[in-house]
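Going line by line, the protein sequences match chains S and C. Numbering of the first sequence is given in my numbering, commencing with residue 1 and proceeding in unit increments. Numbering of the second sequence is given in my numbering, commencing with residue 1 and proceeding in unit increments.
Please note: incorrect hints may appear among the correct ones.
Note that identical chains are pooled: a pair holds if it fits in a single copy or bridges any two copies.
Listed below are the simulated DSS-like cross-link pairs for lysine-lysine, each with C-alpha atoms no more than 27 Å apart in a straight line [unchecked claim]:
(1) K9 to K118
(2) K90 to K121
(3) K42 to K9
(4) K118 to K90
(5) K90 to K354
(6) K185 to K90
(7) K212 to K339
(8) K170 to K324
(9) K118 to K354
(10) K210 to K169
(11) K170 to K185
(12) K324 to K169
(13) K324 to K222
(14) K90 to K324
(15) K222 to K11
(16) K185 to K354
By construction, these hints were calculated from the structure, which means they are not laboratory data.
2 protein chains.
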Amino acid sequence: MPSTLAQEKDKFTPPENLTTKYAPEEVHRYMLDCMTAVGTPKPQALALADVLLAADTRGHFSHGLNRLEMYVNDVRQGVCAGDAVPTITKESVSTALVNGHNGLGPVVGNFCVDLAVKKAKETGIGWVCARGSNHYGIAGWYAMRATKEGMLGMSFTNTSPLVAPTRAKKAALGTNPLALAAPGKNGDDFVLDMATCVVAVGKIEVERRKEKPIPEGWAIDKEGQPTTNAAEGMSGALMPLGGPELHSGYKGYGLGMLVEIFCGIMSGGQYGPNVRRWMQTDREADLGQCFVAIDPTFFAPGFEDRMSDLMGHCRDMEPADESKPVLAAGDPERTHTDKVKTEGGITYHINQIKDSWKLAKVLGVKPME
Amino acid sequence: MPSTLAQEKDKFTPPENLTTKYAPEEVHRYMLDCMTAVGTPKPQALALADVLLAADTRGHFSHGLNRLEMYVNDVRQGVCAGDAVPTITKESVSTALVNGHNGLGPVVGNFCVDLAVKKAKETGIGWVCARGSNHYGIAGWYAMRATKEGMLGMSFTNTSPLVAPTRAKKAALGTNPLALAAPGKNGDDFVLDMATCVVAVGKIEVERRKEKPIPEGWAIDKEGQPTTNAAEGMSGALMPLGGPELHSGYKGYGLGMLVEIFCGIMSGGQYGPNVRRWMQTDREADLGQCFVAIDPTFFAPGFEDRMSDLMGHCRDMEPADESKPVLAAGDPERTHTDKVKTEGGITYHINQIKDSWKLAKVLGVKPME
């Protein structure tokens with residue numbers, strides 16, 4: 001096993017004059033270069049770069065450039081097969097079971113969505129489960145890929161255990177995100193992309209760094225008690241959506257199970273507590289994922305009109321606080337995408353840029369310019 | 001329009017010596033008699049009685065005998081067509097759009113699940129959306145109907161607007177429940193049946209009657225502010241699962257939209273704020289519903305083994321509080337069902353029994369004995 005990227009990166013000192021705003025094309029070029037530098041074939045590297053760039057463009061910086069090093073490391077260590085191509089294990093006109101052969105998550109994900117869309121064009125629905133996959137970035141990407149074909153898209157993935165079932169002391173489920181995208185009129189769309197826990201572990205980490213308390217209901221400590229101490233929450237477990245039992249946190253626990261059923265249980269991959277620990281690379285992830293496409297024209301005509309009407313109604317509602325308008329799922333991401341366009345680039349935190357510069361040096365690729 | 005049932009019921013005074021425990025068969029007989037007394041044909045009345053009895057047997061008393069009067073009233077007033085038979089508007093090998101023709105919800109629901117199961121046997125999945133439906137009782141009923149065939153079942157329905165989108169002052173969505181049932185080994189099963197809001201309106205009503213405060217995060221007042229006053233919460237709106245924005249209540253709002261998309265938006269029925277008000281009978285409900293069946297044998301072999309293994313892992317986890325074991329979705333309902341069997345009957349609140357006695361008198365049917 002080669003020495004870890006983190007150690008190698010520390011040998012390099014980034015220049016002081018690095019800028020923080022970069023053209024999306026340049027970020028994409030850099031991501032592609034990093035992945036090919038560790039031996040990923042170009043088509044597979046491209047699939048990953050597309051998803052990571054989309055995350056940053058939509059304002060989900062935790063899942064973009066910030067995650068690149070994890071994928072680089074996985075491929076470099078051989079724990080993820082950068083060159084793998086998924087295959088269909090079995091299929092019907094409307095369903096498929098896919099083996100990702102330990103390939104990059106976005107390679108598996110795109111393959112599965114495209115297959116689901118193809119089936120939905122024929123029969124109205126395509127439901128595809130995959131095993132042998134890896135982290136696939138933002139769940140919404142795969143759902144949105146279906147809306148480009150005028151369809152509803154759904155995507156689910158299991159993840160490393162971080163969330164405690166209601167009443168339990170320890171984690172048994174991942175943050176298990178689910179996504180649903182649906183097309184509205186004139187390019188408008190609904191994009192729900194949510195983890196089934198209250199907050200991502202990153203939000204608790206941020207508060208811990210600030211040495212600030214976290215709201216009660218986000219996490220439990222090692223004894224299974226709700227905690228407002230961020231450090232205790234980090235060493236405990238996340239709470240499912242809803243939080244404590246009094247606030248129906250068992251519904252979030254049930255939703256986490258729902259995602260796991262569609263992913264690990266249906267695909268035969270790893271599931272629940274068996275999924276490897278977060279950021280560990282001791283064995284293949286063998287994640288389970290699920291991708292669905294539904295053609296609304298197989299149902300009542302006028303789907304897009306009704307979709308836009310409902311979203312419009314919500315957006316036009318009187319807000320409790322004038323400064324905070326009512327939104328539809330996907331609106332904050334649309335706003336951030338527009339911002340990137342207006343400003344002509346994505347603005348990163350300087351620490352991210354320094355880190356990416358160091359990674360470029362380790363891999364011998366051109367830093368972002 | 002005949003005088004309301006409530007007024008007619010007040011003319012009768014129930015005897016003092018009513019018992020509270022009744023054999024399930026007798027409850028079923030009474031439900032059937034009430035529905036046929038208002039002109040519902042027996043097959044349709046049977047579909048309703050089955051669902052209502054299942055709710056009481058599983059311990060969801062709000063959705064059983066307690067709701068019978070609503071269905072009786074709807075059929076009696078002619079706002080729901082007790083004799084309607086659903087028809088297929090269009091279909092593919094894996095999908096269907098159904099028109100419930102304003103029939104009883106359980107009639108529409110059973111029709112759609114059975115259709116979905118039939119399609120899933122052929123192609124691995126059946127996805128059926130219905131419009132022209134009415135209240136269908138517990139969502140889990142339809143999901144469980146698919147598990148009897150060894151399949152995963154899902155069910156969704158829109159409902160009258162009671163839940164406020166995150167940041168909004170007023171309600172725009174219903175409590176929009178979703179259900180997923182999945183078969184485990186040896187008759188074990190996973191049954192998630194949840195509204196996409198924090199708590200049902202009934203829970204707030206109970207606290208108001210007791211003149212007790214409600215936990216912050218359940219409801220908002222008329223100004224859109226979180227309230228701990230039950231009466232204010234009743235006249236305001238329910239909060240989506242997660243509660244306030246800080247605790248990711250927008251995820252619950254997104255899930256409520258997801259249910260609405262699968263129901264009213266896909267089926268072409270009423271949706272969101274257009275659904276008629278709760279308990280109003282001024283016009284047809286035209287609810288949208290969605291039913292899904294998935295045959296796990298079209299995916300990886302061994303589904304039931306993995307399902308039971310995951311549920312078993314969760315149930316065996318060390319609880320934070322020794323007196324509160326970790327459960328899997330459906331466990332509380334299984335416990336209540338066993339209790340009914342052991343005790344040889346369902347035990348109701350005396351007020352429910354008195355009320356049912358009065359309804360029997362109004363309709364000229366034999367009260368439960």
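Same-copy or cross-copy closeness of K170 to K185 [CA-CA at most 27 Å]: Intra 45 Å, inter 25 Å, cutoff 27 Å: inter-copy only.
Using 27 Å as the alpha carbon limit, work out where K118 and K354 are close: within a copy, between copies, both or neither. neither (42 Å within a copy, 58 Å between copies)
Evaluate K324 and K169 at a C-alpha cut-off of 27 Å and name the case that applies: within, between, both or neither. between (37 Å within a copy, 12 Å between copies)
Taking 27 Å as the upper bound on the Cα-Cα distance, should K185 and K90 be classified as within, between, both, or neither? Between. Shortest inter-copy distance 24 Å satisfies the 27 Å Cα cut-off; intra-copy 36 Å does not.
At most 27 Å between CA atoms: does that hold for K210 and K169 within a copy, between copies, both, or neither? Result: close within a single copy only, 26 Å intra versus 33 Å inter.
Tell me, please, which holds for K222 and K11 at an alpha-carbon limit of 27 Å: within, between, both or neither? neither (37 Å within a copy, 60 Å between copies)
How would you label the pair K185, K354 (within, between, both, or neither) given a Cα cut-off of 27 Å? This pair counts as neither: shortest intra-copy Cα distance 41 Å, inter-copy 53 Å.
Which holds for K9 with K118 at a C-alpha limit of 27 Å: within a copy, between copies, both or neither? Classified as neither; 43 Å inside a copy, 58 Å across copies.
Intra- versus inter-copy proximity for K354 and K90 (alpha-carbon distance at most 27 Å): Close neither inside one copy (46 Å) nor across copies (58 Å); limit 27 Å.
Intra/inter-copy verdict for K90 and K121 if alpha-carbon distance must be at most 27 Å: both (19 Å within a copy, 15 Å between copies)
At most 27 Å between CA atoms: does that hold for K170 and K324 within a copy, between copies, both, or neither? Classified as between: cross-chain Cα gap 15 Å, same-chain 36 Å, threshold 27 Å.
Quick one: K42 to K9, C-alpha cut-off 27 Å, is that within a copy, between copies, both, or neither? For K42 and K9, only the intra-copy Cα distance (24 Å) is at most 27 Å; the inter-copy one is 76 Å.
Of the numbered hints stated above, those contradicted by the structure are hints 1, 5, 7, 9, 14, 15 and 16, listed in ascending order.
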